[in-house]
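K.L.:
Could you build the full structure based on these sequences and the hints that come with them?
Read off the chains here:
Protein chains: 2
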Amino acid sequence: MSRVTCDLTISLDGFVAGPNQSLEEPLGAGGKNLHRWQFEEPEANAAERAGILAAGAYIMGRNMFAGPGAWAEEWRGWWGEEPPYHAPVFVLTHSPRRPLLMQGGTTFNFVSDGIESALAQAREAAGSKDVAIAGGAQTARQYLSAGLVDELRLHIAPVVLGAGERLLDGVANLKLVPTEVGGTRLVTHVRYQVVR
Amino acid sequence: MSRVTCDLTISLDGFVAGPNQSLEEPLGAGGKNLHRWQFEEPEANAAERAGILAAGAYIMGRNMFAGPGAWAEEWRGWWGEEPPYHAPVFVLTHSPRRPLLMQGGTTFNFVSDGIESALAQAREAAGSKDVAIAGGAQTARQYLSAGLVDELRLHIAPVVLGAGERLLDGVANLKLVPTEVGGTRLVTHVRYQVVR
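Line order of the protein sequences matches chains A and B.
Take the first sequence: its letter number 38 is residue 38 in the working numbering, and every next letter is one higher.
Take the second sequence: its letter number 49 is residue 49 in the working numbering, and every next letter is one higher.
Take these hints with a grain of salt, some might be off.
To be verified - Just the calculated beta-carbon pair ranges, DEER-fashion: (1) A:GLU41 x B:ALA54: 27 to 35 Å; (2) A:GLU25 x B:HIS94: 36 to 44 Å; (3) A:LYS32 x B:GLY147: 45 to 53 Å; (4) A:PRO99 x B:GLU24: 37 to 45 Å; (5) B:GLU116 x A:ALA44: 32 to 40 Å.
What the hints assert, rightly or not - If we take Cβ atoms under 8 Å as the criterion, some of the chain B residues that face chain A in the derived model are: (6) VAL160; (7) VAL171; (8) VAL190.
FYI, nobody ran anything at the bench for these hints, they're computed from the structure.
Note that this is a predicted model, so its numbers are computed, not measured.
Cβ atoms here follow ideal geometry from the backbone N, Cα and C, with glycine treated the same way.
P.N.:
So, in structure tokens, the structure goes:
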């Protein structure tokens, strides 16, 4: 059966975003520094970057799709007309909406009956490929807390943010085994198998 | 010149100890799990364990020497008559006290005039060897915040404690570059060079 994976970039002090997130600074103060490894070292981190987009279907939270702004029927996501997913994406929301077909194979499907329903739909869509929890942190926490993630891939940036949104706050009973480590001067990659 | 190093084992959510530290549970609830890598996999982690005790002099906080209990003149530390340091140890305290000579080359020296004085004395004692900040977390934070640490070696246990004492809370302006990563199923080792 396909696995459920979750890639997240966090600071050394455990934040996925800095304080004072806004439309201008969606990652909060200092939060952009978390992702330097993706933009400044694309080749050295090619395998990890590819891994983030290797799934057969994706699940994301409402805030990742729409940001902190108001939900508008005409909103088509942050990624332009050809999002990088090239696969079905299931967006958790309380506001049902018709699917949104984008260019390049990405379809945004809106799921309003819970995380388990979204996962069932994503599994069906992914076939033999993995299902990726694409974010944000709140959605990742929900799936981790429910014991529905098989592999957590943390990309630990050597950055101390001091405040912001913590990935693991409130996630209890998580048993992890690191299975692979690596990295560069801008990031440490650790793959964790979630033990049940 | 010799470097200043600091080894610390932390949970994946950034804690050096769990909640409710006490004499019975000095590492707090769940805190013992942080150190499984040292006790259950001594050979696989031999290099990292040796590195913790390779310095020419050590600095530790009062709480690491005496624990949360009362400070008593007759207290000789947690390590028995032959502590594992085999070198001068400088203990930060507000209560001056005569040096304590232990077996095997460890001497506990009590320093009451601040962290920079302790470092100067430790450097002098270490000669060409490194000076290690032995802990606890509060002492590590003081030296990190003051920009006095050259290499931070984190041993990240795949454990989520949920609450307790966080290593990096309040440490600002810390610039780090990971220089080496490795690990086992019980720990991920990351060496960070502190950039000034």
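K.L.:
Work down the list of hints and note, for each, if the structure agrees.
P.N.:
Hint-by-hint comparison with the structure:
no.	hint	verdict
1	A:GLU41 x B:ALA54: 27 to 35 Å	holds (31 Å)
2	A:GLU25 x B:HIS94: 36 to 44 Å	holds (43 Å)
3	A:LYS32 x B:GLY147: 45 to 53 Å	violated (24 Å)
4	A:PRO99 x B:GLU24: 37 to 45 Å	violated (57 Å)
5	B:GLU116 x A:ALA44: 32 to 40 Å	holds (38 Å)
6	VAL160	holds (5 Å)
7	VAL171	holds (6 Å)
8	VAL190	holds (5 Å)
When each numbered hint is compared with the structure, violations occur for hints 3, 4.
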